[in-house]
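Peer 1: Below are the chains, spelled out letter by letter.
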Amino acid sequence: MIGRHNETNGLPKDSANEPITRLSSRVNSIEPSGIRRFFDLANELKGEVLSLSIGEPDFVTPWRVREMGIYSLEQGYTHYTANQGLMALRNTISEYTEEKYNLTYDPKTEIVVTVGGSEALDDAIRALIDPGDEVIIPEPCFVSYKASVGLANAVSVPISLKKENQFKLTPEELEAAITPKTRLLILGFPNNPTGAIMDQSDIEALLPVLRKHPQISIVSDELYAQLTYGEARHFSIANVPDMQDRTVIVGGFSKAFAMTGWRIGYALAHKDIAQAINKIHQFVIMSAPTTAQYAAIEALRNCDSEVEKMVNEYNYRRRYIYRRLLEMGIECFEPLGAFYIFPDISRFGMDSNTFCERLLQEQKVAIIPGSAFGNCGEGHVRISYAAAFETIEAAMNRLENFISSL
Amino acid sequence: MEKRNAILQLLFSQRRLETSDMARMLDMSEEEVQKEIDQLEKDHVIMGYSAMIDWTKTPFESVKAMIEVSTTPQRDRGFGRIARRIYSYPEVKDCYLVSGDYDLMVIVVSKNLQSVAQFVSEKIAPIDGVLSTRTHFILQNYKVNGVTFSVDESDDRETVVL
Numbered sequence: 000m001i002g003r004h005n006e007t008n009g010l011p012k013d014s015a016n017e018p019i020t021r022l023s024s025r026v027n028s029i030e031p032s033g034i035r036r037f038f039d040l041a042n043e044l045k046g047e048v049l050s051l052s053i054g055e056p057d058f059v060t061p062w063r064v065r066e067m068g069i070y071s072l073e074q075g076y077t078h079y080t081a082n083q084g085l086m087a088l089r090n091t092i093s094e095y096t097e098e099k100y101n102l103t104y105d106p107k108t109e110i111v112v113t114v115g116g117s118e119a120l121d122d123a124i125r126a127l128i129d130p131g132d133e134v135i136i137p138e139p140c141f142v143s144y145k146a147s148v149g150l151a152n153a154v155s156v157p158i159s160l161k162k163e164n165q166f167k168l169t170p171e172e173l174e175a176a177i178t179p180k181t182r183l184l185i186l187g188f189p190n191n192p193t194g195a196i197m198d199q200s201d202i203e204a205l206l207p208v209l210r211k212h213p214q215i216s217i218v219s220d221e222l223y224a225q226l227t228y229g230e231a232r233h234f235s236i237a238n239v240p241d242m243q244d245r246t247v248i249v250g251g252f253s254k255a256f257a258m259t260g261w262r263i264g265y266a267l268a269h270k271d272i273a274q275a276i277n278k279i280h281q282f283v284i285m286s287a288p289t290t291a292q293y294a295a296i297e298a299l300r301n302c303d304s305e306v307e308k309m310v311n312e313y314n315y316r317r318r319y320i321y322r323r324l325l326e327m328g329i330e331c332f333e334p335l336g337a338f339y340i341f342p343d344i345s346r347f348g349m350d351s352n353t354f355c356e357r358l359l360q361e362q363k364v365a366i367i368p369g370s371a372f373g374n375c376g377e378g379h380v381r382i383s384y385a386a387a388f389e390t391i392e393a394a395m396n397r398l399e400n401f402i403s404s405l
Numbered sequence: 000m001e002k003r004n005a006i007l008q009l010l011f012s013q014r015r016l017e018t019s020d021m022a023r024m025l026d027m028s029e030e031e032v033q034k035e036i037d038q039l040e041k042d043h044v045i046m047g048y049s050a051m052i053d054w055t056k057t058p059f060e061s062v063k064a065m066i067e068v069s070t071t072p073q074r075d076r077g078f079g080r081i082a083r084r085i086y087s088y089p090e091v092k093d094c095y096l097v098s099g100d101y102d103l104m105v106i107v108v109s110k111n112l113q114s115v116a117q118f119v120s121e122k123i124a125p126i127d128g129v130l131s132t133r134t135h136f137i138l139q140n141y142k143v144n145g146v147t148f149s150v151d152e153s154d155d156r157e158t159v160v161l
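Just so you know, the protein sequences line up as chains C and H, in that order.
Per numbering that gives the first Met the number 0, the very first residue in the first sequence carries number 0; after that it's consecutive.
Per numbering that gives the first Met the number 0, the very first residue in the second sequence carries number 0; after that it's consecutive.
Same shape as in the complex, but just chain H (with noise of 0.2 Å):
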């Protein structure tokens, strides 16, 4: 169980490991790591790998909003109904159902401002039982999922005798 939360922290840990690099990390041979992934993906516990991409640098153009989903939920069904209905959508990267002065939390990506605008006036505030949305749209990136975006992470340790 230790190793498999080892595996787990250095599946998480935003960097690229071989098989066989993480057995030597963990001091465990690189068949153990494989079967132990397997078995974690066959759980659906790990359920999907990506990469953390800086999007501004590429030729790429995306837009990013958060936004703030009001709903009257509905007998029977609670919020999931709605939820799914919303998220749904390729356009939706993240739907959180919150606590607070709102019900649902949608993270949407596309093109462009107007985009974005239209998705959110066309498919989401129509929807039957959304009372109101507002939308935010995401300026700067400046963490994301424990990455920190644009900072230099060049060694510059001066030399020092010790």
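Excised from the complex, chain C in its bound form (with noise of 0.2 Å):
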């Protein structure tokens, strides 16, 4: 029998030299994550540094939501649920999918509920892929896109979206990454880390595109689609009929309703998509924690007013930091979505990560390097304001001192 540990004269091995055993090509493949690295350097001075990097609401669940969590326990609901989700949550989501986005999905067939986004876009992309395909990624973009899609033994083909269009995908972009291996497009909008968004006429600029090529699936990230700011809104390409059987939407709860650490999204698509996700979901996952889905019935149903008073706080400490970074001679393209803000910073002569690496070290910020994104994310930072206005002003009048400092 093979123990955890190979004895050495009664000592664990020293695992950081030698690896226990032969790990997967496919794991080895994967690069070790940018942000991972920064974090384990501000870790180390804990305590005083102001932190903007983390992209999770500063917000805590609200109370209304985390009660129903608490009676769901009371009632001993603590059973597994259908693979696909508690029915009566799929019935809320399909109920506010229509509500809000004027979007149809069957609660028996086209809903599985998941272990956050991040569950259902690895199932998505699973789903849809074989090994060798090539998936299109405009970048910069969430870090889990190529990670998921390495995973699957298919070909990442990014796409590097530029500051000047606001950071949204343009059809000639997109004409240019499809070649005839092209299985899969994945949107991620409203952005991390840009805070861009797609409207309608963005979407439907793609779409002679999308027309001509029927074989891309497309996967559409859309965690973040109730944080929009102004009049902006976000647009689902699922909204274009023809387009909605060949999209996943993904969805969740993390962002808008700040209920990251419940683990609980979904996915929606044609039933024959849906199927095939549920088919991975059931046998990695089982089905969703049960608490956290009575939890999200709870939100979809009675949180509007809660999110909005979100977003309204969110909107504040946006505009703050744009304005803030203008009035520091910043570059810096509007946000309207997420809750992030991606200056551009090349002009201090220096890549994103020394920048960002000082300005920790002399000034105890925490931001995130650009180039955690992608290649083109270089020259930027991404700045999260998800966190107490007091934490953001001091962290803008750090960043202040840091730049006169150069």
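Bear in mind the hints are in silico, worked out from the structure with no lab data behind them.
As the structure is a computational prediction, the values presented were derived from the model and not from experiment.
Below, a sample of chain H positions facing chain C; criterion: calculated Cβ distance under 8 Å:
1. R14
2. D20
3. R23
4. M24
5. L25
6. D154
7. R156
To be clear about the criterion: a stretch of chain C counts as covered by chain H if any three or more of its residues have a C-beta under 8 Å from a C-beta of chain H, and this derived list gives those stretches:
8. 53 to 66
9. 313 to 321
10. 385 to 391
Ideal placement from N, C-alpha and C gives every residue a C-beta, glycine not left out.
Two chains, two separate frames, one set of hints: put the complex together.
Peer 2: Encoded structure:
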């Protein structure tokens, strides 16, 4: 029997030097996250660091949602649910999606409740692509896309989105990236890390290209759909009738309802795709956490005003940071969604990693280098405004000090 | 009007903000914000400013009590005259006319239990038209004006790759 430690002279072997066993080439091919390394650095300085680096709401889940989770435990709802998720939750997701986005999905066959949007994303990618297929990933983007594609032994084809296009995907860029092997396009809007959104006209511009290449499916990561500001509104590509059946919408509760720790999300798709997703989901996960599923019902049914309050607060912070950055003379694209801002720091004559490391060392402010989100993120940094206003204000003062010291 | 409401929301949000910060948060100029605030003060929409203080963390001793006051309303004057006789004392911090089993809810702050009791028995109870009083001393502040007391609000989110 193989023990967990290979004993050498009674001492556990130093696993840092020698791998205990052979690892799969698939997992070895995943590059370590650039953000991870940065966080380790920030952790060493913990306590004095002002962090605008975290991609999760600073708000606690609304009380009524937490209370529903507690109530479900009191009631003894501690069993598995149906693989696809509680019927009551799927019904609620269906109603919510219909009401808010005018999209119809059959709760019986077209909705799968997952462990966060991340699981839905991974399931969808695995359900749709074969080894060697090409997946188009507009960058900068959420760090999981490339990893999931790699784990499916497929090939990532990045598109470098441009600041002058407000980090939106254009039909020309899309067309240029398509080959006969292209099987999937991943759209992540409102975007982490840029805060860019794609509205109806932006999506409609892509349609001729997508219609020309019917073999391409779309995974639309809409985790931040509710978080848009001003007049700007997110538009789902699934709202285009002939695109809906080709699209998997990845939705979730983490961002809009401040429910990151509950690990609950969902996939919406044509029943053939949804059932394929459910196949993976049922063997890997069985069913999403039951407590979180009950809480999620309450979130969708009764939290519009709480969401609105959070969106207002994010908007105050967004405008504050944007204005402060401009006042400091930092060039910046105005983000209209999510809770990130992605200023251009290239004029300071260092790469984004150095910029962030020095800012951390010299002024104890943690933000994330843009290069962590794809090569084209270089020259930028991601600042998250999911933090208390006082933290943001103090961090901006320190950033200003840092810049004037350069 | 929308900007005006947003300014009121920010002023009411239990945090200290400079006019310049509000201007940035609302995408307005500092002058515009100041002009709106001046007007709101002039119109008595903004009645004053105050800080939320947890007095238990200060050397000042104080006791707060809620007093239910039953009265006989007076012809032509309703409850107004009695209320005024009560709220004119500086010890009275809040005074409301309420529906239900009694008429006035009076919140009194004074330096100790005794002084509150004395105030009620000597100043409120004897007022003409006051039928009875019931005093409830506040033992603990859990939440006041939307602010939760005694919670650790430090940011203890752990780092996660995303």
